[in-house]
Amino acid sequence: MTRGGVQKDRSEGSERKCIATGETQPKQGLIRFVMGPEGQVVPDVMEKLPGRGVYVTSSHPALETAVKKKLFARGFKSQVQVSSGLAGEVETQVARRLVGLISLARKSGDAVAGFEKVKDWLAKEEARVLIQASDGSGRGKSKLSTPYKGKFIGCLTADELGMAFGRQTVIHAALASGGLSKRVVDEAQRLQGLRETVGGSGRTEG
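So the sequence shown is residues 1 to 206, counted in UniProt numbering.
I should point out that these hints are in silico values taken from the structure, not numbers from a laboratory. One should not assume that every hint holds.
As the list claims (entries may be wrong) - Cut-off 30 Å, straight-line C-alpha distance, at most; resulting in silico cross-link-like pairs (DSBU-like, lysine-lysine):
#: 1; residue 1: 141; residue 2: 182
#: 2; residue 1: 48; residue 2: 69
#: 3; residue 1: 117; residue 2: 70
#: 4; residue 1: 69; residue 2: 17
#: 5; residue 1: 69; residue 2: 119
Small disclaimer: the values here were computed from a predicted structure and weren't measured.
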């Protein structure tokens, strides 16, 4: 209950406190960690592992702060073992998760790849999310615009996008509204926070 008498919505534990920044925020912007049987800190990107969890904002600075200041030990109230490559491990897992979600969207008919197909979806207002490879040509990417009131994702490489569509590389892709689009956008925001360079123009909305 807040001071104004309004019950703050924390249904299903929608918010958690970051051990690095001290800020309370929605869980989709955080990475959950659990302590393994040998006392090691284990990233739980899918939030399915058992045990007490601690949360860190999905960004390299926050993860580095948590490691350097030994905040995981404080969060778990126990001595822990932290991998020196923890931030990179988290980034790899989040990227793999994002690629997997886009792949599922493709299999259900809610995602397309290729300039012409994406252009067609945008023209018909069927696209909710525009996805473009971070290492794609800026000139080529500028020919497509984020859907009105839609989202833009530009944190995956052409190779990573290619894996989602069963191709060697993909530069342009789009997601329809509904289905997995929200989960894809949430996961992309986590990955964007972990990657210093984001493709496109950093757009998130049309």
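Please verify whether residue 48 and residue 69 have alpha carbons no more than 30 Å apart. Given pair residue 48, residue 69 holds - Cα atoms ~26 Å apart, limit 30 Å.
Restraint status (C-alpha distance of residue 69 to residue 17 at most 30 Å): 17 Å, holds
Is residue 141 close enough to residue 182, meaning Cα to Cα at most 30 Å? 23 Å, holds
Taking 30 Å as the top limit, are the C-alpha atoms of residue 117 and residue 70 close enough? 49 Å, violated
Checking one constraint from the list: CA of residue 69 to CA of residue 119, max 30 Å. Satisfied? 48 Å, violated
Of the numbered hints listed earlier, those contradicted by the structure are 3 and 5.
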